[in-house]
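There are 2 protein chains.
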Amino acid sequence: MKLSQVGERKLTYYVTKKFSIPFDDCAFLDAGEEYLLITTDMVNRKTHFPEGSTFYHMGWYAMAVNISDIAAKGGKPIAYVAAIGMPENLEKENYEEMLEGMEKCTEEYGGKLVGGDTKEADDVTIAITAFGKVRKDEAMPRKGAKPEDAVYVTGSIGRGGAALLEKNLEELLLIKPKIKEGRMLAKSKVVTSCMDLSDGLASSLYQLAKINNVGFIIYEDMLPVAEIAKKHENWLELALYYGGDYELLFTVPEEKGKELEKKMDIKRIGKVIEENKITLIKEGKEHKIEDRGYEHFRM
Amino acid sequence: MKLSQVGERKLTYYVTKKFSIPFDDCAFLDAGEEYLLITTDMVNRKTHFPEGSTFYHMGWYAMAVNISDIAAKGGKPIAYVAAIGMPENLEKENYEEMLEGMEKCTEEYGGKLVGGDTKEADDVTIAITAFGKVRKDEAMPRKGAKPEDAVYVTGSIGRGGAALLEKNLEELLLIKPKIKEGRMLAKSKVVTSCMDLSDGLASSLYQLAKINNVGFIIYEDMLPVAEIAKKHENWLELALYYGGDYELLFTVPEEKGKELEKKMDIKRIGKVIEENKITLIKEGKEHKIEDRGYEHFRM
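These protein sequence lines map, in sequence, to chains A and B.
Following my numbering, the numbering of the first sequence begins with 1 at its first residue and continues without gaps.
Following my numbering, the numbering of the second sequence begins with 1 at its first residue and continues without gaps.
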């Protein structure tokens with residue numbers, strides 16, 4: 001069977017099962033009172049970057065998607081290594097510009113590049129591994145959501161989808177990982193589960209549902225849809241299924257959530273339920289949220 | 001200027017200088033009484049693997065080259081993450097075989113795969129990041145070699161070059177990182193500098209010379225050339241310039257080296273000198289060892 005018939009998500013389930021890896025944004029390594037958080041993400045010019053993307057965009061994006069995983073666990077970034085594959089006919093200036101994008105991103109969010117590898121490859125490929133730290137009592141794994149918890153997102157959603165449609169590369173690629181928000185949530189110690197929204201809201205809810213053996217009710221009129229997305233007729237599709245939003249999705253006991261709302265730009269969008277279904281309430285009616293979103297290896 | 005006109009080594013110097021990264025096999029992160037060792041290596045089917053290489057070979061090799069970097073610092077492997085890029089028309093069985101190669105290698109040398117990423121790419125690309133631990137007083141950085149120190153290698157050399165010429169893929173790709181030897185050297189606490197020989201003896205000596213501001217005298221008749229290499233007329237070329245030997249190259253005060261020789265399969269091959277030259281003594285005459293070896297982006 002070809003990978004295109006399997007799909008990225010199923011492949012990931014296969015690997016995590018084979019190696020008994022908890023399915024989370026980061027790995028948690030024991031480091032005394034803290035966890036060392038580790039995450040790796042690979043991006044590829046041909047399959048990740050629309051035409052017109054600059055090398056600066058690629059460098060920033062490759063770094064930022066990793067930082068977003070650290071943010072989702074409540075971590076503080078401390079270090080990175082970068083494995084970079086490039087064609088031999090690439091201009092040195094392009095390479096330098098890509099490093100510049102990576103560097104500016106780390107300056108913004110903290111942590112330092114401590115090592116790497118540069119190899120010849122058919123096309124530009126960047127695999128960053130990011131390291132973060134978080135106190136054990138502050139860490140926010142994906143597992144922990146309980147029925148009756150409220151469901152929240154930071155900021156607004158649909159932004160990544162709209163940017164993709166509009167070919168707005170700055171908005172699409174110069175993403176801003178929610179490190180500050182992740183740290184605030186972590187320090188509150190009330191969040192029961194958290195992940196980033198890179199795969200889209202629908203897909204992320206399905207991943208959380210599976211891990212926690214729960215379901216979700218989401219209210220359409222509570223979704224904080226980004227202005228840039230509202231301009232599109234299919235704004236709900238963008239908000240639910242497009243991905244590329246590097247906001248945080250989290251669950252929290254209802255009363256605790258209300259306290260957090262006073263301090264942070266977060267929006268309640270629904271609640272956790274016991275039943276294994278994921279439902280959107282729209283104009284008073286129940287609609288099934290489908291298990292789809294951006295995914296590699298899907299035709 | 002194209003990367004092919006710059007070459008991998010110069011690119012690496014450029015990056016390490018830009019980010020003030022010590023030029024070593026691993027990054028050293030402070031972790032109390034220990035260092036957390038981090039290294040990343042990317043391999044690519046087209047540019048790293050001769051025709052006939054199996055997916056098992058690729059998985060093992062991608063993992064083993066990283067483990068070799070941990071070995072060179074005296075470390076014990078603890079964890080890995082793997083970012084894997086694959087074309088969508090790849091068979092799932094090939095992917096499974098590759099994971100099998102990675103898994104068998106970690107079972108042999110220790111440590112566990114704790115995370116990863118699987119993405120669509122033009123060709124098979126594997127970027128592993130490996131983590132190890134070593135006590136601070138046992139760690140063996142590249143920097144530290146002193147004039148008059150003896151120069152040693154573990155095992156035998158020329159093996160990788162001979163395997164490449166003979167298209168012996170088992171020998172070339174199922175490499176055996178020197179974790180045990182690295183740990184023994186580390187525990188001895190007498191080694192003044194160490195690195196692995198992946199780039200070839202000549203290139204490795206030049207890298208050590210630059211970092212330590214020293215030179216080397218190497219004795220041709222003391223080189224432990226592998227049997228498989230001796231069969232080739234150009235065995236000296238294989239031993240000096242081909243690379244692909246995942247042995248350890250290290251320096252140690254002369255008397256301490258003699259003690260180590262009693263306990264381990266190591267061979268003295270020369271000595272560190274103050275003058276910045278790297279010389280081979282062959283039949284009583286001095287020959288310059290050239291600064292070349294296997295390198296990406298070189299035509």
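Treat the hints with care, since some could be wrong.
All copies of an identical chain are treated as equivalent in the list; a pair is satisfied when it fits inside any one copy or across any two copies.
[To be verified] The calculated lysine to any residue pairs, modelled on SDA-like cross-linking and capped at a C-alpha distance of 25 angstroms, are:
id	residue 1	residue 2
1	Lys267	Asp123
2	Lys167	Gly155
3	Lys112	Ala31
4	Lys136	Leu90
5	Lys18	Thr54
6	Lys104	Tyr14
7	Lys231	Leu169
8	Lys258	Glu108
9	Lys263	Glu237
10	Lys256	Leu11
11	Lys285	Ala31
12	Lys231	Leu11
Worth flagging that the hints you see were computed from the coordinates, not collected in a lab.
Note that the coordinates shown come from a computational prediction; the quantities given were computed from them, not determined experimentally.
The hints, checked one at a time:
1. For a Cα distance limit of 25 angstroms, the shortest separation of Lys267 from Asp123 qualifies neither inside one copy, at 40 angstroms, nor across copies, at 42 angstroms.
2. With identical chains, the CA atoms of Lys167 and Gly155 are at most 25 angstroms apart within one copy only, with a shortest distance of 21 angstroms there and 56 angstroms across copies.
3. In this assembly of identical chains, the alpha carbons of Lys112 and Ala31 lie at most 25 angstroms apart whether taken from the same copy (19 angstroms) or from different copies (16 angstroms).
4. Taking the closest pair of Cα atoms, Lys136 and Leu90 never come within 25 angstroms of each other, the shortest separation being 44 angstroms inside a single copy and 40 angstroms across copies.
5. Taking the shortest Cα distances, Lys18 and Thr54 sit within 25 angstroms of each other only across copies (20 angstroms), while inside one copy they are farther apart (38 angstroms).
6. When the C-alpha separation of Lys104 and Tyr14 is checked against a cutoff of 25 angstroms, the pair qualifies only between copies, where the shortest distance is 17 angstroms, while the shortest distance within a copy is 36 angstroms.
7. For the identical chains of this complex, Lys231 and Leu169 are intra-copy neighbours only, at 17 angstroms inside a copy versus 57 angstroms across copies, given an alpha-carbon limit of 25 angstroms.
8. In this homomeric assembly, Lys258 and Glu108 never come within 25 angstroms of each other (Cα to Cα): the closest approach is 30 angstroms inside a single copy and 51 angstroms across copies.
9. In this assembly of identical chains, Lys263 and Glu237 lie within 25 angstroms of each other by CA distance neither inside one copy nor across copies; the values are 30 angstroms within and 68 angstroms between.
10. Taking the closest pair of Cα atoms, Lys256 and Leu11 never come within 25 angstroms of each other, the shortest separation being 36 angstroms inside a single copy and 51 angstroms across copies.
11. In this assembly of identical chains, the alpha carbons of Lys285 and Ala31 never lie at most 25 angstroms apart, being 48 angstroms within a copy and 55 angstroms across copies at closest.
12. In this homomeric assembly, Lys231 and Leu11 never come within 25 angstroms of each other (Cα to Cα): the closest approach is 35 angstroms inside a single copy and 45 angstroms across copies.
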